[in-house]
Structure formats: C-alpha cells, structure tokens
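Numbering (my numbering), first residue to last: 12 to 254.
Hints are computed from structural coordinates only; laboratory data are not their basis.
As the structure is a computational prediction, the values presented were derived from the model and not from experiment.
Among the hints, a few may not be true.
[To be verified] DSBU-like cross-link-like pairs, simulated, lysine-lysine; straight-line CA separation at most 30 Å:
(1) Lys-221 with Lys-141
(2) Lys-184 with Lys-141
(3) Lys-221 with Lys-184
(4) Lys-221 with Lys-116
(5) Lys-221 with Lys-38
(6) Lys-193 with Lys-221
(7) Lys-92 with Lys-116
(8) Lys-38 with Lys-92
(9) Lys-221 with Lys-166
[What the hints assert, rightly or not] Simulated restraints, written as ranges between beta carbons of each label pair:
(10) Arg-165 with Asp-75: 39 to 47 Å
(11) Asp-75 with Pro-145: 14 to 22 Å
(12) Asp-190 with Asp-75: 34 to 42 Å
(13) Ala-95 with Arg-73: 34 to 42 Å
(14) Glu-131 with Ile-234: 22 to 30 Å
(15) Pro-50 with Val-170: 23 to 31 Å
(16) Pro-145 with Ala-49: 18 to 26 Å
(17) Ile-238 with Ala-95: 44 to 52 Å
(18) Asp-99 with Arg-239: 34 to 42 Å
(19) Gln-158 with Arg-73: 17 to 25 Å
(20) Glu-131 with Asp-190: 19 to 27 Å
Glycine included, every Cβ here is placed at the ideal spot set by N, Cα and C.
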Amino acid sequence: MSGYDRVVQPAAGDEALENHLGGDEAKNYRQYELDMVAPHVGRSMLEIGSGLGHFAEAFLPRLDRLVASDFDPYCVEQLKKRFAGRDDIDVLQFGLPTEIPIGDKVDTVVMMNVLEHIEEDVEALRSLAKVTVPGGRIIIWVPGYMQLYGDFDRKVGHVTRYTPATLRSTVSKAGLDIDVLKPINFLGGIAWWVAVRRGGVGYPDPRLVKIYDRTVVPLTRLIERFIRPPFGQTVFCVARVPE
C-alpha cells in the first residue's frame, strides 16, 4: 500500500479536518495558497485530496468542470453532500498510484500537501498524467526540506519533505516538464523550525497559527514579491504534461 493509503487523519469531523487544513485560523495562508495556484488553473480541474472541499470550491467561478477526490471515506461523504445536485462536479474516491476512474481528461490537476504522503510518488504522478490533456498542468504543493521533518510529519503520515532538487527529480522521472519550481514561505520555514524542531511541538497550536497567519504570512508575501527565497516551508511546482 502507498503512503497515501496510510495517511493518519485527525479525528473525523468538520472541526478537526478543517483545523488540519488550516481552518478559520489561517485565512491569510489560504489566500496565499489560492493566489499561488490560481494563475495556473484552466477550465477543468481534478483536485487530489480535496478534504471537505473548501479549496476546490474557491475555483468554481472559473471552472467548467470540477472533479473533487479523496481517499478518506468521511471526506468523500462530505464532498458528495457539499456538491450534491451539481452536474458539473464529480466526486471520486481513490488512493494513488492507481488507474483514476475519470471520464474526459482535465487540463489541470491540483494536489495540495498530498504527494509527501505517497511512497510511490513517481508512479502517482504518472497516474495523474494519464488523465491530464497534453499540455495540461499538474500543480504540486508539498512541505519542504527534511531539516523541518518532525513529530508532526510522522503523525500525519508524511513519507518525506521535498527540496526543489528532489521534487525536480521526481517530476522528471514521471516524464513531466517543469514550468515553475521554487521554495516558498521562507519565514514560515524558520517559524516551523523554531516551533517544531527546536520547540518540540508535535502539532501546531491554533493560537500560534492565528498569530502566524496575521503577522508572518503577510510579511512573507511582501518579501517574496521582491526576493526569491533560498529555502522555505513549502516547495511549489507547476509541472506540464508534454504535448
């Protein structure tokens, strides 16, 4: 079984899963994610690991078609409730790598904090490439740098944290081209190292998340407008399926 199949979820329930995904305490960070991803999204999107569907829902005004998916049965149930009655939205349950049970191919795949759960990451990307049109994009957002790996990563089932070099190798082995590949959230990386590695925190404190979201995230975004950081809490990649 892949690492994705062995994901350790928090206790099932809206509040627990919402906190796991950033929750109401991290609105600026969520907007940061959306603003990074949105320029690369086309008209049809498959999201891997949709959770409760908040992130995918934000793209609906620009999409003709959405395929939301998750491996967790609770999440799939909630996704079906959330998008009930929408003919332009499908909800699927599967773990990667696999033959994805999708009809027409999509022009965009989005996977936010998913690939790090999968031991067979190259095969997972190959599975996604098969359901993406030639020239389409696979957008990858993963935790960065093994120096930041700690108890939190183990608890939520992270197989690894990536660097730009290791993610480039994985993407290239899957036969994909690369449009964008860079570390982001430089100050977040420092804060994570202090809190999780040096401070021994096993799970982010919601109170600290709120402070971080209000102070560090806006400053990070300002800095990254002018400077490409040498490392970060996250590695961001836009891969492309060859024409």
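These are the hints, each one checked on the structure:
no., hint, result
1, Lys-221 with Lys-141, "39 Å, violated"
2, Lys-184 with Lys-141, "15 Å, holds"
3, Lys-221 with Lys-184, "39 Å, violated"
4, Lys-221 with Lys-116, "39 Å, violated"
5, Lys-221 with Lys-38, "9 Å, holds"
6, Lys-193 with Lys-221, "26 Å, holds"
7, Lys-92 with Lys-116, "24 Å, holds"
8, Lys-38 with Lys-92, "23 Å, holds"
9, Lys-221 with Lys-166, "22 Å, holds"
10, Arg-165 with Asp-75: 39 to 47 Å, "40 Å, holds"
11, Asp-75 with Pro-145: 14 to 22 Å, "18 Å, holds"
12, Asp-190 with Asp-75: 34 to 42 Å, "22 Å, violated"
13, Ala-95 with Arg-73: 34 to 42 Å, "21 Å, violated"
14, Glu-131 with Ile-234: 22 to 30 Å, "36 Å, violated"
15, Pro-50 with Val-170: 23 to 31 Å, "29 Å, holds"
16, Pro-145 with Ala-49: 18 to 26 Å, "22 Å, holds"
17, Ile-238 with Ala-95: 44 to 52 Å, "45 Å, holds"
18, Asp-99 with Arg-239: 34 to 42 Å, "37 Å, holds"
19, Gln-158 with Arg-73: 17 to 25 Å, "37 Å, violated"
20, Glu-131 with Asp-190: 19 to 27 Å, "24 Å, holds"
Checked against the numbered hints above, the structure violates hints 1, 3, 4, 12, 13, 14, 19; every other hint is satisfied.
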